[in-house]
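There are 2 protein chains.
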Amino acid sequence: MPFVNFNTKKVVKIWDGIYGTLAHSEQQTFGHFTIDGGTILPEHSHVHEQWCHVLEGELEFTVAGETMLLTQGMTAYIPSNAPHSAVAHKKCKVIDCFTPARLDFVELEKNAEQ
Amino acid sequence: MPFVNFNTKKVVKIWDGIYGTLAHSEQQTFGHFTIDGGTILPEHSHVHEQWCHVLEGELEFTVAGETMLLTQGMTAYIPSNAPHSAVAHKKCKVIDCFTPARLDFVELEKNAEQ
Numbered sequence: 027m028p029f030v031n032f033n034t035k036k037v038v039k040i041w042d043g044i045y046g047t048l049a050h051s052e053q054q055t056f057g058h059f060t061i062d063g064g065t066i067l068p069e070h071s072h073v074h075e076q077w078c079h080v081l082e083g084e085l086e087f088t089v090a091g092e093t094m095l096l097t098q099g100m101t102a103y104i105p106s107n108a109p110h111s112a113v114a115h116k117k118c119k120v121i122d123c124f125t126p127a128r129l130d131f132v133e134l135e136k137n138a139e140q
Numbered sequence: 027m028p029f030v031n032f033n034t035k036k037v038v039k040i041w042d043g044i045y046g047t048l049a050h051s052e053q054q055t056f057g058h059f060t061i062d063g064g065t066i067l068p069e070h071s072h073v074h075e076q077w078c079h080v081l082e083g084e085l086e087f088t089v090a091g092e093t094m095l096l097t098q099g100m101t102a103y104i105p106s107n108a109p110h111s112a113v114a115h116k117k118c119k120v121i122d123c124f125t126p127a128r129l130d131f132v133e134l135e136k137n138a139e140q
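Chains A and B, in that order, give the protein sequences.
For the first sequence, this note's numbering begins at 27 and goes up steadily by one.
For the second sequence, this note's numbering begins at 27 and goes up steadily by one.
Incorrect hints may have been included.
Where chains are identical, the list cannot tell them apart; a pair therefore holds if satisfied intra-copy or between any two copies.
As the list claims (entries may be wrong) - Keeping only pairs whose Cα atoms sit at most 30 Å apart, straight-line, the calculated DSSO-like set for lysine-lysine is:
1. Lys39 x Lys136
2. Lys136 x Lys36
3. Lys117 x Lys136
4. Lys35 x Lys136
None of these hints come from the bench; they were simulated from the model.
Please model the entire structure based on the sequences and the hints provided.
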């Protein structure tokens, strides 16, 4: 800190087909992720508020029963504890932002280093 | 909500040479901004924690006396109340993330609609 190069950090697997680099601040976690085409992220929820910004690709996102196909420049906002799921129609690059920081992702990174 | 298309929202001027589209949630503000080449953002500070993710271009960023030239995939993290400034060496596209939400930017948007 105060600078992060997401291109050179250790790549962490988040889910089958979802992997990328992470950084955390006092109140937020950011992930720069690649999602393989065909990846299905099943419905789940978490206390963290989340924004998923699509940089490339096609990501069908469902939040609390509403579905939209997201492409470059489009974003899904997931309120705290809202159920959400996603299907990557094509390979995607996204920036995911969470608040508060995701301590479970901190653990994922630690385990990836072992 | 729960989806935002940053490509089609009203473009708001943030500073001379910095303009783009904004969205807000309970705890965060996101801006998808274009910064014209040659733009100088003078040193300032705010209570909001900020992450500036560079998508395209070259942005020289200074945070609390540390300076780095940021390119695609690189990010500046600005802690609450830390002094920071920036110079765009080339035209840039960035995603800026703030927490808490920037109520001053909400006002900017309202004024831009008038």
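> From the Cα coordinates, with 30 Å as the cut-off, is the pair Lys117 and Lys136 best called within, between, both, or neither?
Replying inline: Classified as within: same-chain Cα gap 27 Å, cross-chain 37 Å, threshold 30 Å.
> Taking 30 Å as the upper bound on the Cα-Cα distance, should Lys35 and Lys136 be classified as within, between, both, or neither?
Replying inline: within (13 Å within a copy, 39 Å between copies)
> For Lys136 vs Lys36, is the C-alpha pair at or below 30 Å within one copy, between two copies, both, or neither?
Replying inline: For Lys136 and Lys36, the Cα distance is within 30 Å only inside one copy (10 Å; across copies 42 Å).
> Between Lys39 and Lys136, at a C-alpha cutoff of 30 Å, which is it: within one copy, between copies, both, or neither?
Replying inline: within (12 Å within a copy, 41 Å between copies)
Comparing the model with each numbered hint stated earlier shows that all of them hold.
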